[in-house]
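Peer 1: These are the residues of each chain, in order.
There are 2 protein chains.
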Amino acid sequence: MKVGPDIATLAALMGDPARANMLAALCAGQALTAGELAREAGVTAQTASSHLGKLSAGGLIAGRKQGRHVYYALAGPDVAGVLEALTGLAERTGHTRLRTGPREPALRRARVCYDHLAGDMGVAILDSLTARSMIVGSGETLVLSAAGETFITALGLDLGALSAQRRPLCKGCLDWSVRRSHLAGALGAALLQRFYALGWARRESGTRIVSLSARGLEAFREIFGVAVEA
Amino acid sequence: MKVGPDIATLAALMGDPARANMLAALCAGQALTAGELAREAGVTAQTASSHLGKLSAGGLIAGRKQGRHVYYALAGPDVAGVLEALTGLAERTGHTRLRTGPREPALRRARVCYDHLAGDMGVAILDSLTARSMIVGSGETLVLSAAGETFITALGLDLGALSAQRRPLCKGCLDWSVRRSHLAGALGAALLQRFYALGWARRESGTRIVSLSARGLEAFREIFGVAVEA
DNA sequence: GGTACATTTCGATCACCGTCGAATCGTACG
DNA sequence: CGTACGATTCGACGGTGATCGAAATGTACC
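Chains A and B are the protein sequences, given in the same order.
In case it helps, my numbering puts the first sequence at residues 1 to 230.
In case it helps, my numbering puts the second sequence at residues 231 to 460.
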């Protein structure tokens, strides 16, 4: 007689402010320790542990013991997807409270979001691709055009391998700081990896900051027509 | 200092069992009266009214007064999208409790889901399209291939107008009864409308049942290779 | 081995919120 | 105009769950 699968318990899991803050923090993609999550949520370690236990039992996060701390991460991309969708909905319905992205300029410029590039640079890249019709669509749903395919192949990416992944190839991901979309999905992740490999970008350890090399800045300006002040 | 937009309040709104049941019922797309939703959720009219007030204030649903009752519907396709994503996640994490879709055979065979076709027939159609590589992808993210474009154009649909819509052209929607996906999105909706126009299908008033005409059954078998016992 | 620290468990407190009974408002129907 | 019914409001009750203090586990570092 009951209609739905347990949307209720799942949503209730995300419905607590402390847990929601934890999940939002984990959306960046990197695993965080229980203590960090406690501070992130603004609760004591004990309550945090309780919440983490529930989230874990609910299948939303997974914890890995390493030494004397436990690193928690989102259980999978689909969880991140739901959270992003929720964020977008909150955006639209005006449920956002303040929400002025990161204060640090370096974070605003380029940072890691789950597994792809976010920040001004991420938004600029997607803008450039859509302006040249290499990616079409808007909002969350994006599609790679034929011109886009040749473009990313020229960049040295294996389109076939990317398409074979279960997750969507292209996806728009709402950027908190700019309130605009950047490129996520398999292609977004692969692009960032490619930037690393080419030495254009480097991940600052311990933070979400992605720093761009001089060569990278040059390349971005040339390829994407993106000019960023040093 | 706070990190996320108010995912928490939004999720908490969906986190109550009664409200979740209401939202799940509204996922079918047709507006329901407060009384119907109360019965659907298994609560009294007063508590239902309270819940509806909160959902409305939260921007998830919208109510229209008509005569002496109030018809409530989901505020928009994005709300349905989040709900579907949540359902999918609940599916994957095994949070589903029992959940044996509708009992009525007619409902199991073909019914309206929001604005597109669901049920065995809906699943079969998507199966047929993917088997012939007219639609590629899996899960929630689907893309129309070149072969698919010519196919639906031949069916008399205006692809340009469909792509111009803000919502995604193709989307997978998890079918409760079968636990498999059927075609949603702009194309899914347009297809159902086309079926109506061609006299292949008809919406049973007052229910979610979609009944198929003899001509429709013939056409479905011919075009999609779908054989359904009468 | 002993101390420090991260995490978890247990237990108790307390606030919030879902629930329903009774009453009110508004519309439809005769 | 009066009755019937759907929807909402008000008020009170009760239970679930978040929270933290205290204590227990387990790991690292010396």
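If you're looking for bench data, these hints aren't it; they were derived computationally from the structure.
Just so it is clear, the structure is predicted and the values come from calculations on it, not from any experiment.
There may be inaccurate statements among the hints.
Residues from chain A shown here face chain B by an in silico Cβ test under 10 Å; the list is partial [what the hints assert, rightly or not]:
1. A20
2. S50
3. D158
4. L162
Pairs of lysine to any residue residues, derived as SDA-like cross-links and limited to a Cα-Cα distance of at most 25 Å, are as follows [stated by the list, open to error]:
5. B:K284 - A:E91
6. B:K284 - A:P17
7. B:K284 - B:R322
8. B:K295 - A:A12
9. B:K284 - A:D16
10. A:K65 - A:R92
11. B:K284 - A:T33
12. A:K54 - B:T383
13. A:K54 - B:E379
14. B:K295 - A:T33
15. B:K284 - A:W200
16. B:K284 - A:Y196
17. B:K295 - A:G88
18. A:K54 - B:A444
19. A:K54 - B:E321
20. B:K295 - A:A85
21. A:K54 - B:A242
22. A:K54 - B:D246
23. A:K54 - B:R322
Note that the Cβ used here is the ideal one computed from N, Cα and C, for glycine as well.
Peer 1: So, for every hint listed, does it hold in this structure?
Peer 2: Okay, the hints, checked on the actual structure:
{"no.": "1", "hint": "A20", "verdict": "holds, 4 Å"}
{"no.": "2", "hint": "S50", "verdict": "violated, 16 Å"}
{"no.": "3", "hint": "D158", "verdict": "violated, 17 Å"}
{"no.": "4", "hint": "L162", "verdict": "violated, 13 Å"}
{"no.": "5", "hint": "B:K284 - A:E91", "verdict": "holds, 18 Å"}
{"no.": "6", "hint": "B:K284 - A:P17", "verdict": "holds, 17 Å"}
{"no.": "7", "hint": "B:K284 - B:R322", "verdict": "violated, 29 Å"}
{"no.": "8", "hint": "B:K295 - A:A12", "verdict": "violated, 30 Å"}
{"no.": "9", "hint": "B:K284 - A:D16", "verdict": "holds, 16 Å"}
{"no.": "10", "hint": "A:K65 - A:R92", "verdict": "violated, 38 Å"}
{"no.": "11", "hint": "B:K284 - A:T33", "verdict": "violated, 35 Å"}
{"no.": "12", "hint": "A:K54 - B:T383", "verdict": "violated, 49 Å"}
{"no.": "13", "hint": "A:K54 - B:E379", "verdict": "violated, 46 Å"}
{"no.": "14", "hint": "B:K295 - A:T33", "verdict": "violated, 50 Å"}
{"no.": "15", "hint": "B:K284 - A:W200", "verdict": "violated, 49 Å"}
{"no.": "16", "hint": "B:K284 - A:Y196", "verdict": "violated, 47 Å"}
{"no.": "17", "hint": "B:K295 - A:G88", "verdict": "violated, 29 Å"}
{"no.": "18", "hint": "A:K54 - B:A444", "verdict": "violated, 52 Å"}
{"no.": "19", "hint": "A:K54 - B:E321", "verdict": "holds, 18 Å"}
{"no.": "20", "hint": "B:K295 - A:A85", "verdict": "violated, 30 Å"}
{"no.": "21", "hint": "A:K54 - B:A242", "verdict": "holds, 15 Å"}
{"no.": "22", "hint": "A:K54 - B:D246", "verdict": "holds, 16 Å"}
{"no.": "23", "hint": "A:K54 - B:R322", "verdict": "holds, 17 Å"}
Violated hints for the displayed structure, listed by number in ascending order: 2, 3, 4, 7, 8, 10, 11, 12, 13, 14, 15, 16, 17, 18 and 20.
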